[in-house]
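These are the residues of each chain, in order.
2 protein chains.
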Amino acid sequence: MSLQLVPAPTHLETRPGDGFVFTENTALVAPPGVARYAARLLGLGLDADGDGSDTVELTLGAQPGEAYTLTVDADRIHIDGSTAGLVRGLATLAQLRALAADGAVPALRIEDAPRFARRGLMIDVVRHFFGVPTLRRVIDLMAAYKLNVLHLHLTDDQGWRFESASRPELTERSSATAVGGAAGGYLSAADLAGLTEYAAQRGIEVVGEIDLPGHTNAALHAVPELNAGGAATEVYTGTEVGFSQLTLALPATTGFLTDVIGDLASLTPGPHLHIGGDEVHTMEREEYVEFIEAAAALTAAAGKTPIVWGEGAAADLPEGTLVQLWDTNSDPAPIAAAAQRGVGVILSPAKHVYLDMKYHDEYPLGLDWAGTVGVRDSYDWDPEQYLPGVDPAAIVGVEAALWTETIVTEANLFTMLLPRLAAVAEVAWSAQSDRDWEAFAPRLAAQEPFWGAAGYAHDPDALAPVG
Amino acid sequence: MSLQLVPAPTHLETRPGDGFVFTENTALVAPPGVARYAARLLGLGLDADGDGSDTVELTLGAQPGEAYTLTVDADRIHIDGSTAGLVRGLATLAQLRALAADGAVPALRIEDAPRFARRGLMIDVVRHFFGVPTLRRVIDLMAAYKLNVLHLHLTDDQGWRFESASRPELTERSSATAVGGAAGGYLSAADLAGLTEYAAQRGIEVVGEIDLPGHTNAALHAVPELNAGGAATEVYTGTEVGFSQLTLALPATTGFLTDVIGDLASLTPGPHLHIGGDEVHTMEREEYVEFIEAAAALTAAAGKTPIVWGEGAAADLPEGTLVQLWDTNSDPAPIAAAAQRGVGVILSPAKHVYLDMKYHDEYPLGLDWAGTVGVRDSYDWDPEQYLPGVDPAAIVGVEAALWTETIVTEANLFTMLLPRLAAVAEVAWSAQSDRDWEAFAPRLAAQEPFWGAAGYAHDPDALAPVG
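From first to last, the protein sequence lines are chains R and F.
Per UniProt numbering, the very first residue in the first sequence carries number 1; after that it's consecutive.
Per UniProt numbering, the very first residue in the second sequence carries number 1; after that it's consecutive.
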């Protein structure tokens, strides 16, 4: 058998001798931080002591971050790493087990660690709403491919999708609808508490986004005093962009920003909060920059590190801020300058990782304003080479994005993610020198039974290797 | 009476004594280059000699460019300037005469010259087609407000609107439709010959635009070999942007560009040719820059100076090239860098001069992705202060733009232009120190009878001074 792991691990060496066969007696020995998750993922009973044979043993080691080692012998599987590393090693083990057609995981040793610290997926839950059950299944899928950031696009022109304790009118007035008159919805405080906990168990940070200062019609509809004339805007259910904006000069704006940024900061325990910043066509540069700097300062005051879309690189952002590039044809110069000031870069180039783009011209779902995005487009690029003039050390991550203008059902959603998300996951995790499209295509195809068994909709045609 | 000229002249001094009264005996004395146009504009007979009284006399003087002096005495009106200056002076005289309610043009002396060398209007004849009769009326209106560049957006996803001698299939296959299934059309070689001559008589350069490398579905539909797969795309009648592109690496592309740029260069006698460059979301930066540089080189080889939309500032453009900024929130840095290399800048910031934006939120026509654009928005800005860090000397002009996604009829078109185009004309012509919104609003309102008399549709509500 060949080892069809996705993403490819840093180092894998098979060993002589028999592999490990899971039986009804196989027990799990694991530290508390990961034990329940490991038991559920592998379907094993916990054995507090362990007698050293027929066990899967997880030990807390000194390896940094998400690095882990995984050793398979005939009588024992051993994963060593930090809690985060153990979670990644478990994903590898789950794949090895699923791929072991004859029931035996081959004897081997893996040493593995990620190329990029941040490996994400953005889901737009505004244009069409997706709630907790779908998002938990998204998180499971992300964990299977070692992704570690779920970025939720929570506000936009068409809706406000998280409960704000200090501004309840936002969801009361602006959560019921979605694109084309579809039903809306929102994530309650309890929903987000459960979701962030579920994600944390899988080593995944949930980053919430309040998109500012554009993409804000839902706020302008719910809070009249955010409008220059003091009158609320109408509900918007179309798909145009760029027409709405908050105005820092209005007296109500700063208080509003302080409230909603503070509320979202409380609802998302991770260290980051995304403040948007994309596609603002109604402001002159000076006003835009001033707004982004104010929103970033409020975010820092709420105890979070801000993330902004690529346009925000024009602002003077605090060191440690992350800028998320999306426009394939972005000017690298402002990002290079920001990187020199200590800003990190997340790469989401639309041509490669916007998974709402059609797979090909005839595809029934998706948009094509960034062209079509085949699996090979998602796979065949090097993030460190993407932005000439930007220090490769400043590239902290890669994030796929699924905007949902045309994505209505859960099946739509997973069909756009799979197989492309697995390709992006390997871009983000595996060393460039270990990546090769010809070798990857069959490994990717070998993942399909897993998706079928787990009930993930996916696009089977996209698995056929493309020239 | 007050002198309600638009745009405000550089220097105006009224004089004691009677004004000039046009009678049936008033004769015109003018040099050949401008005589026929002046006679038609003023409705006067030509008097080759002139006896020195009751005459409008135009003399060729040594003043540079479009500068002119205009003197009105009881028995003689005298305009002095180059041919271009005389045309501008005639526009002033036509306004003075139309505004002279009692029939007498007051005695005065005007010394006048433009602030910016290029003062333009772009009309998109692709999304909806407007032919020669409408464009002649547009040219007349431009001349009345001393504009000197008519930029025709001739190609886009929805149609190819000029006859290409070497590629007749472009109009044969891609000119019949427009947005939403509206009837298309195109400008034949004879149409463009007549139109450019008509414009030249009024001191107006016609600049044709072939939008490259995006906005090219009409070409991709008509010329299959421009597509990577060799198959023609479908006709497109929607209003999305950014999805189409030419590909320099395909063997057919350079020959195609050489042909169509050469053909358009022959059809437009002026020194410039616009090669587009906007809203390309399907290319990575390097491919985009390479394409723009190739298209600029082909344009130079065809004997024209290229103009590109703002994104094109990323390319290494020949000295003298003009970059036309449109995105209100543009990063000034690449434009500043290009300006230092000798590139000129045309300002078309959407928030101020995109006359396809709605006048206000409830306006039935137009788009609003750049916000609403009231008359004051069009008027109240200073082009030399617009781009921080860009040498004001690099700002060569201001250009209004009318995209026509929602503009179907000639009445639609002029309603969007008026009154805003007159405001933009003053921004481009008059000194900043002579411009003041409170003073301008009543001057602008005084223009309305002229539009009524000339049959130009306009928005009367927009003339009420806004706060």
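A couple of the hints might just be wrong.
Note: identical chains are not told apart, hence a pair may lie in one copy or across any two.
To be verified - Derived lysine to any residue pairs resembling SDA-like cross-links, with alpha carbons at most 25 Å apart:
| # | residue 1 | residue 2 |
| --- | --- | --- |
| 1 | Lys351 | Ala107 |
| 2 | Lys351 | Arg173 |
| 3 | Lys358 | Thr59 |
| 4 | Lys358 | Ala94 |
| 5 | Lys351 | Gly238 |
| 6 | Lys358 | Val235 |
| 7 | Lys358 | Thr239 |
| 8 | Lys351 | Pro271 |
| 9 | Lys351 | Pro31 |
| 10 | Lys358 | Gly270 |
| 11 | Lys358 | Arg341 |
| 12 | Lys351 | Glu111 |
| 13 | Lys351 | Leu250 |
| 14 | Lys351 | Glu287 |
| 15 | Lys351 | Asp327 |
| 16 | Lys351 | Pro251 |
| 17 | Lys358 | Thr237 |
| 18 | Lys351 | Ala252 |
| 19 | Lys351 | Ala337 |
| 20 | Lys358 | Asp459 |
| 21 | Lys351 | Tyr236 |
| 22 | Lys351 | Ala300 |
| 23 | Lys358 | Pro271 |
| 24 | Lys351 | Asn25 |
| 25 | Lys351 | Val21 |
| 26 | Lys351 | Ala265 |
| 27 | Lys358 | Leu12 |
| 28 | Lys358 | Pro31 |
| 29 | Lys358 | Ala302 |
| 30 | Lys358 | Glu284 |
Please keep in mind that the hints were generated in silico from the structure rather than gathered at the bench.
Structure-based check of each hint:
no. : hint               : result
1   : Lys351 with Ala107 : neither (40 Å within a copy, 65 Å between copies)
2   : Lys351 with Arg173 : neither (35 Å within a copy, 29 Å between copies)
3   : Lys358 with Thr59  : neither (43 Å within a copy, 65 Å between copies)
4   : Lys358 with Ala94  : neither (30 Å within a copy, 57 Å between copies)
5   : Lys351 with Gly238 : both (24 Å within a copy, 21 Å between copies)
6   : Lys358 with Val235 : between (28 Å within a copy, 18 Å between copies)
7   : Lys358 with Thr239 : both (17 Å within a copy, 18 Å between copies)
8   : Lys351 with Pro271 : neither (29 Å within a copy, 37 Å between copies)
9   : Lys351 with Pro31  : neither (42 Å within a copy, 59 Å between copies)
10  : Lys358 with Gly270 : neither (32 Å within a copy, 42 Å between copies)
11  : Lys358 with Arg341 : neither (37 Å within a copy, 40 Å between copies)
12  : Lys351 with Glu111 : neither (32 Å within a copy, 55 Å between copies)
13  : Lys351 with Leu250 : between (38 Å within a copy, 19 Å between copies)
14  : Lys351 with Glu287 : between (29 Å within a copy, 13 Å between copies)
15  : Lys351 with Asp327 : both (8 Å within a copy, 22 Å between copies)
16  : Lys351 with Pro251 : between (40 Å within a copy, 23 Å between copies)
17  : Lys358 with Thr237 : both (22 Å within a copy, 19 Å between copies)
18  : Lys351 with Ala252 : between (38 Å within a copy, 24 Å between copies)
19  : Lys351 with Ala337 : within (23 Å within a copy, 27 Å between copies)
20  : Lys358 with Asp459 : within (11 Å within a copy, 42 Å between copies)
21  : Lys351 with Tyr236 : between (28 Å within a copy, 21 Å between copies)
22  : Lys351 with Ala300 : neither (32 Å within a copy, 31 Å between copies)
23  : Lys358 with Pro271 : neither (33 Å within a copy, 42 Å between copies)
24  : Lys351 with Asn25  : neither (49 Å within a copy, 71 Å between copies)
25  : Lys351 with Val21  : neither (43 Å within a copy, 68 Å between copies)
26  : Lys351 with Ala265 : neither (31 Å within a copy, 34 Å between copies)
27  : Lys358 with Leu12  : neither (35 Å within a copy, 62 Å between copies)
28  : Lys358 with Pro31  : neither (44 Å within a copy, 63 Å between copies)
29  : Lys358 with Ala302 : neither (38 Å within a copy, 38 Å between copies)
30  : Lys358 with Glu284 : between (33 Å within a copy, 18 Å between copies)
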